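There are 2 protein chains.
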Amino acid sequence: MTTFPPSVQSRVVTDEDVKRTYAADAGPAPREPSRDVPSDYTVVRARDVADVVAVLEHAQATGTPVVPQGARTSRVGGARATEGCIVLNVEALDAIETVDPVEGIAVVGPGVVNADLKTAAAAAGLFYGPDPASTGTCTIGGNVATNAGGLCCLKYGVTADWVTALDVVLPGGEVMRTGHRTAKGVTGLDLTGLLVGSEGTLGVVTRVVTRLLPAPDPALTALATFGSLDDAVRAVVTLRLDRHRPSLLEILDRASLEAVQAFGDYGFPADADAVLLVQSDRPGHAAEDVARYGELMTGAGALEVAVAEDRQEADLLLQGRRVLSTAIEALGSRLAEDVCVPVGRLGDYVRGAAEVSERLGVRIPVSGHAGDGNLHPSIVYPPGDDDARRRAWGAFDELMRLGLSLGGTVAGEHGIGSVKRRWFAAEVGPREVQRQRAIKAVFDPSGIMNPEVVFGGGRWATRPGSTST
Amino acid sequence: MTTFPPSVQSRVVTDEDVKRTYAADAGPAPREPSRDVPSDYTVVRARDVADVVAVLEHAQATGTPVVPQGARTSRVGGARATEGCIVLNVEALDAIETVDPVEGIAVVGPGVVNADLKTAAAAAGLFYGPDPASTGTCTIGGNVATNAGGLCCLKYGVTADWVTALDVVLPGGEVMRTGHRTAKGVTGLDLTGLLVGSEGTLGVVTRVVTRLLPAPDPALTALATFGSLDDAVRAVVTLRLDRHRPSLLEILDRASLEAVQAFGDYGFPADADAVLLVQSDRPGHAAEDVARYGELMTGAGALEVAVAEDRQEADLLLQGRRVLSTAIEALGSRLAEDVCVPVGRLGDYVRGAAEVSERLGVRIPVSGHAGDGNLHPSIVYPPGDDDARRRAWGAFDELMRLGLSLGGTVAGEHGIGSVKRRWFAAEVGPREVQRQRAIKAVFDPSGIMNPEVVFGGGRWATRPGSTST
Numbered sequence: 001m002t003t004f005p006p007s008v009q010s011r012v013v014t015d016e017d018v019k020r021t022y023a024a025d026a027g028p029a030p031r032e033p034s035r036d037v038p039s040d041y042t043v044v045r046a047r048d049v050a051d052v053v054a055v056l057e058h059a060q061a062t063g064t065p066v067v068p069q070g071a072r073t074s075r076v077g078g079a080r081a082t083e084g085c086i087v088l089n090v091e092a093l094d095a096i097e098t099v100d101p102v103e104g105i106a107v108v109g110p111g112v113v114n115a116d117l118k119t120a121a122a123a124a125g126l127f128y129g130p131d132p133a134s135t136g137t138c139t140i141g142g143n144v145a146t147n148a149g150g151l152c153c154l155k156y157g158v159t160a161d162w163v164t165a166l167d168v169v170l171p172g173g174e175v176m177r178t179g180h181r182t183a184k185g186v187t188g189l190d191l192t193g194l195l196v197g198s199e200g201t202l203g204v205v206t207r208v209v210t211r212l213l214p215a216p217d218p219a220l221t222a223l224a225t226f227g228s229l230d231d232a233v234r235a236v237v238t239l240r241l242d243r244h245r246p247s248l249l250e251i252l253d254r255a256s257l258e259a260v261q262a263f264g265d266y267g268f269p270a271d272a273d274a275v276l277l278v279q280s281d282r283p284g285h286a287a288e289d290v291a292r293y294g295e296l297m298t299g300a301g302a303l304e305v306a307v308a309e310d311r312q313e314a315d316l317l318l319q320g321r322r323v324l325s326t327a328i329e330a331l332g333s334r335l336a337e338d339v340c341v342p343v344g345r346l347g348d349y350v351r352g353a354a355e356v357s358e359r360l361g362v363r364i365p366v367s368g369h370a371g372d373g374n375l376h377p378s379i380v381y382p383p384g385d386d387d388a389r390r391r392a393w394g395a396f397d398e399l400m401r402l403g404l405s406l407g408g409t410v411a412g413e414h415g416i417g418s419v420k421r422r423w424f425a426a427e428v429g430p431r432e433v434q435r436q437r438a439i440k441a442v443f444d445p446s447g448i449m450n451p452e453v454v455f456g457g458g459r460w461a462t463r464p465g466s467t468s469t
Numbered sequence: 001m002t003t004f005p006p007s008v009q010s011r012v013v014t015d016e017d018v019k020r021t022y023a024a025d026a027g028p029a030p031r032e033p034s035r036d037v038p039s040d041y042t043v044v045r046a047r048d049v050a051d052v053v054a055v056l057e058h059a060q061a062t063g064t065p066v067v068p069q070g071a072r073t074s075r076v077g078g079a080r081a082t083e084g085c086i087v088l089n090v091e092a093l094d095a096i097e098t099v100d101p102v103e104g105i106a107v108v109g110p111g112v113v114n115a116d117l118k119t120a121a122a123a124a125g126l127f128y129g130p131d132p133a134s135t136g137t138c139t140i141g142g143n144v145a146t147n148a149g150g151l152c153c154l155k156y157g158v159t160a161d162w163v164t165a166l167d168v169v170l171p172g173g174e175v176m177r178t179g180h181r182t183a184k185g186v187t188g189l190d191l192t193g194l195l196v197g198s199e200g201t202l203g204v205v206t207r208v209v210t211r212l213l214p215a216p217d218p219a220l221t222a223l224a225t226f227g228s229l230d231d232a233v234r235a236v237v238t239l240r241l242d243r244h245r246p247s248l249l250e251i252l253d254r255a256s257l258e259a260v261q262a263f264g265d266y267g268f269p270a271d272a273d274a275v276l277l278v279q280s281d282r283p284g285h286a287a288e289d290v291a292r293y294g295e296l297m298t299g300a301g302a303l304e305v306a307v308a309e310d311r312q313e314a315d316l317l318l319q320g321r322r323v324l325s326t327a328i329e330a331l332g333s334r335l336a337e338d339v340c341v342p343v344g345r346l347g348d349y350v351r352g353a354a355e356v357s358e359r360l361g362v363r364i365p366v367s368g369h370a371g372d373g374n375l376h377p378s379i380v381y382p383p384g385d386d387d388a389r390r391r392a393w394g395a396f397d398e399l400m401r402l403g404l405s406l407g408g409t410v411a412g413e414h415g416i417g418s419v420k421r422r423w424f425a426a427e428v429g430p431r432e433v434q435r436q437r438a439i440k441a442v443f444d445p446s447g448i449m450n451p452e453v454v455f456g457g458g459r460w461a462t463r464p465g466s467t468s469t
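Heads up: the protein sequence lines correspond to chains A and B, in order.
Under UniProt numbering, the first residue of the first sequence is numbered 1, with each subsequent residue one higher.
Under UniProt numbering, the first residue of the second sequence is numbered 1, with each subsequent residue one higher.
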């Protein structure tokens, strides 16, 4: 149990039930069930930057690990309590300080919910791009920590493409300011870029400056069903070659469609092998684009194409996609996965996942952001079945290996967290792990920042029993 | 004089005249004329990656500084020979390995000329965005080193927004691979982003993977003359707020217009205080956009607006902008500057520069990428006049200070090089300089990589007489 200076003591969560809710994130339960909720950890709900500074002074002085935390939507165990740590929650740093249409920037706290930034931008006729599926709950701080993506990355890129400057509190309490509020700036190493995606291993982000763009039109949608996966992939390739990039291009494979139809009738034909959803938000041309996308998909062999003529119809077409996550969770326990492969290898990945599913006897619906090659297989198994759980984790390993063998990466947009640490090392190699630890040590010499995620370093490397994968 | 292993010896330039051409870049002559061309340096023209590896093995083993070099278009002394160094030129690594329309990437060597990558992309119906004014000569490797911008950044961003993966040879000869060829990927720290803009201080880039986008339309142009700078700045602000971002938005101030008109009659009225050039390349809407931009500028108080109805007219309107650099160089010796300020402070910067010009008795035409707040003042003084040269450097300091005082940065897109090292430190502060040196040391523990630029480190910090600012 950590004892803080009085200024911070009042931010410490004392109610055990409340405290427990801050111990977990949205990642899977640990691979080894014995490694469960830690017995000793402290939760601090920071109210302002001074709290963050005080905690990081204290943590550095006492060598206490710090796990920075926003809305705990991490899918990879990036924001969960570890033994002896301080969970430092910054959700309350949720000010939208500035939305500046002339400079085209917003300045926000890390606790601002992604959708709230979008809403604030929209009120000024502007647009903030990144839209993780958890947009209504996830926070910008977490988006920065994981370099979050979402559904519209195909056209609008990921969080790193939008963030231009940060305030970051480092271990010991130094406030580091990176980047520029100007449109351009090249003064030395790009530490903003280094911090985005660093998963809380370097410091705690307390202020974020993002770009904002002129708002696009509301999106319209085309939906196509395919009798063959190869036809669907051919359609994805054709859509990638269109002169006007879709703002969304999602795929659901056969297992995903089965999961959705088992949940309720969303109108997917029983013989469909895959569904594609495509959107355009191009000002003045959304209807024309989705009509053309529809024709392109027909040309690629779609069984059936539905094109929304207005916003309501567009929403209807998305319903099946929207319930997918709930439908999958209704099937059992779930490992929600996230790989990215070259677009040309999408078919190989989906087929490979089906083969793994068959061989290991776990369901693996695959869906995701086909336009980016970023797929989210879900490995589903009966809760409480230890053998099935082991097979599910075996499938997890195979899905990682499959992604790498196709020239892909083990983490498209969720990050590495604690869950994928071993696969991170497999992807980048031991020299790179060492290099990234050495860079971490520049910011965090005693290795207290989120030490059990990504590449470890500091205490992580030497503490027994601290690995969760 | 360095002695290399035989494999590299044949790449060493022995002709003294040829060698001298590799000693300089496009930056200004050193501030102190006594610090001129170094007496001892070696030039290696690498033919392949193996040459780069061999040079960096040798350099590490012997503690010899290495200055990586492309087409030597650096405006800030980022690629010039220093005492005792190896100049490592990689212009010959100029293969365009891949242009892949499906994945939307190109894979190129660092010696590929910016315009050649654009041409190769265009041949596949695609587009590579960054377009420094030196597009016809500058190389992608140098663009990566400086995170180069250009004229279309307002709409298309800078080099960092396009580069997704790199091969980099580190001191000692290790080949480091960063980033992803997939559309997304978040595996640990973003070392691609760290390398872009690192000005050759970490390693030598030997392969670059960039994004490519569907090609826009050929751009059309509107040109407006303004009787008052404030009106011109108001027009810039109005254009920034337009729903369709211009692909180019350039300003020329009164002193720039005078320089152009002294060079030849390009039709600028004598009473103009500023000219704005605006382009649109929006597919199917370029003519409509530039007509609207013209109306917006009229509304903001333009004296006169010309709108090009076709490509030929658009080119004509750009002529005055195109000769600006030549016209300025015809006036005398030149310090070509590069600051970026908030768009709302453009007027304050241009007025401040005019005040410095008046007070110090040097001409300072200001032009640049108004849409980004990225201005290029040119400080012009009579060649051979030592007193004027000193006043010019005094003006340089004042222009840096002015940019910082307006919330701007001392380097918008040219980088720090050796010329702005002191101002880099002034902008970011001593702790940040130390931090960046510590990060450099992770890649370059003996401090041999371009040690006299940006933040120094390694030998630079202790060698006397090696500072050129």
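Hint data in this document are derived by calculation from the structure and do not stem from the laboratory.
Just so we're clear, the structure is a prediction, and the values are computed from it rather than from any experiment.
Just to be clear, a hint being listed does not mean it is correct.
Note that the list lumps identical chains together, so a pair holds whenever it fits in one copy or between two copies.
What the hints assert, rightly or not - With a straight-line Cα cutoff of 25 Å, these simulated SDA-like cross-link-like pairs (lysine to any residue) come out:
(1) K155 / G125
(2) K118 / V237
(3) K118 / G344
(4) K118 / P342
(5) K118 / F263
(6) K118 / G136
(7) K19 / L331
(8) K19 / T64
(9) K155 / R401
(10) K118 / K155
(11) K118 / V18
(12) K118 / D242
(13) K118 / T298
Out of the numbered hints, which ones does the structure contradict? Checked against the structure, the hints that fail are numbers 5, 7, 9, 11 and 13, while the rest are satisfied.
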